[in-house]
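There are 6 protein chains.
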Amino acid sequence: MEISARNKFKGTIEEITLGSVMAKVKINIGNGNVISSVITIESVTDLKLKVGDVVYAIVKSTEVMIGK
Amino acid sequence: MEISARNKFKGTIEEITLGSVMAKVKINIGNGNVISSVITIESVTDLKLKVGDVVYAIVKSTEVMIGK
Amino acid sequence: MEISARNKFKGTIEEITLGSVMAKVKINIGNGNVISSVITIESVTDLKLKVGDVVYAIVKSTEVMIGK
Amino acid sequence: MEISARNKFKGTIEEITLGSVMAKVKINIGNGNVISSVITIESVTDLKLKVGDVVYAIVKSTEVMIGK
Amino acid sequence: MEISARNKFKGTIEEITLGSVMAKVKINIGNGNVISSVITIESVTDLKLKVGDVVYAIVKSTEVMIGK
Amino acid sequence: MEISARNKFKGTIEEITLGSVMAKVKINIGNGNVISSVITIESVTDLKLKVGDVVYAIVKSTEVMIGK
Numbered sequence: 001m002e003i004s005a006r007n008k009f010k011g012t013i014e015e016i017t018l019g020s021v022m023a024k025v026k027i028n029i030g031n032g033n034v035i036s037s038v039i040t041i042e043s044v045t046d047l048k049l050k051v052g053d054v055v056y057a058i059v060k061s062t063e064v065m066i067g068k
Numbered sequence: 001m002e003i004s005a006r007n008k009f010k011g012t013i014e015e016i017t018l019g020s021v022m023a024k025v026k027i028n029i030g031n032g033n034v035i036s037s038v039i040t041i042e043s044v045t046d047l048k049l050k051v052g053d054v055v056y057a058i059v060k061s062t063e064v065m066i067g068k
Numbered sequence: 001m002e003i004s005a006r007n008k009f010k011g012t013i014e015e016i017t018l019g020s021v022m023a024k025v026k027i028n029i030g031n032g033n034v035i036s037s038v039i040t041i042e043s044v045t046d047l048k049l050k051v052g053d054v055v056y057a058i059v060k061s062t063e064v065m066i067g068k
Numbered sequence: 001m002e003i004s005a006r007n008k009f010k011g012t013i014e015e016i017t018l019g020s021v022m023a024k025v026k027i028n029i030g031n032g033n034v035i036s037s038v039i040t041i042e043s044v045t046d047l048k049l050k051v052g053d054v055v056y057a058i059v060k061s062t063e064v065m066i067g068k
Numbered sequence: 001m002e003i004s005a006r007n008k009f010k011g012t013i014e015e016i017t018l019g020s021v022m023a024k025v026k027i028n029i030g031n032g033n034v035i036s037s038v039i040t041i042e043s044v045t046d047l048k049l050k051v052g053d054v055v056y057a058i059v060k061s062t063e064v065m066i067g068k
Numbered sequence: 001m002e003i004s005a006r007n008k009f010k011g012t013i014e015e016i017t018l019g020s021v022m023a024k025v026k027i028n029i030g031n032g033n034v035i036s037s038v039i040t041i042e043s044v045t046d047l048k049l050k051v052g053d054v055v056y057a058i059v060k061s062t063e064v065m066i067g068k
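Residue numbers (the working numbering), protein chains in the order written: chain R, 1 to 68; chain H, 1 to 68; chain G, 1 to 68; chain E, 1 to 68; chain P, 1 to 68; chain A, 1 to 68.
Where chains are identical, the list cannot tell them apart; a pair therefore holds if satisfied intra-copy or between any two copies.
Straight-line alpha carbon distances no greater than 27 Å define the calculated DSS-like cross-link-like pairs of lysine-lysine that follow:
#	residue 1	residue 2
1	K48	K68
2	K8	K50
3	K68	K50
4	K10	K26
By construction, these hints were calculated from the structure, which means they are not laboratory data.
Start from the sequences, fold in the hints, and give me the full structure.
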């Protein structure tokens, strides 16, 4: 399945912090950039996410702001 | 001003496409990664954004999904 | 690729309205429910979306509100 | 009050999972589709949400992606 | 209908800019604060929005960032 | 740094509720309006947010709905 979201960055999971409903996942996409993602624990379980996994961080273009 | 959004990626504007209300801005953040952002034309004007500008792409963690 | 977004609804594209940067796509997911999506024209082109296509409407759980 | 969000799906609450700040709510909208929503516990309390309630899942069009 | 979104600010529409698919609406909520909203033209038409209308600007808590 | 997000409201933090991954922050922006924000605890710590701080609530225009 191809997705309409314009931003897909390949990286490696560096850290997973589990809360009670939500989890925070840190993904290293290279060049010194680490992306922070907050998803449900249900998603972490379903995708069997663990540190070291190669994954994609995905962001819809309408969610990206610009600072200057 | 420091912002709570966890994701701030420094890059260079490669392309700006102006629509009637919204604009699409492409930011090269290195390592082969280009971020696509959709913001208002009003923001493009206010921040005086132009191709070649060094800017930050900013994304709130709750907006980042993971694909595996 | 499997995605962390919890909401994936299979449906058929009923209508595509192209703007200058953004496009509006209506997807019939059955049971009288039609989902409206606003994505970039670039995505419509890249995914070769057209009326009649069977697609998935995808929504991150944190974007769903509840009305009662 | 009528709301600008284009997507309003009527359904029945199947499950509520309470975290410490956020809660996950599953809404069955028929045709085999279950919508997952993450809202504050404060909202769950204020709207007195409980399993079996008939509610609306509401999503802004700009938050809907398409997969093909 | 009551909505789970925590932020509902009453104000008056000051300006509507119509694009081809999206529209920008400015809402004065008092105390010198003007909220900018980008919604579909379809929503502007369905809600019969016009300058001078008293409306509510509605924002889900997960969409609010903090700058300091 | 100036940000593209159109909505920046100055206010005072009234309340911070810490969860396990996420935190809820209430900001009084005057005129009887209190904005509710859900951000990561990591952001609360990094920005050293505490009750009484003068901060900005920031919202991208595409995240603002209208009710009438």
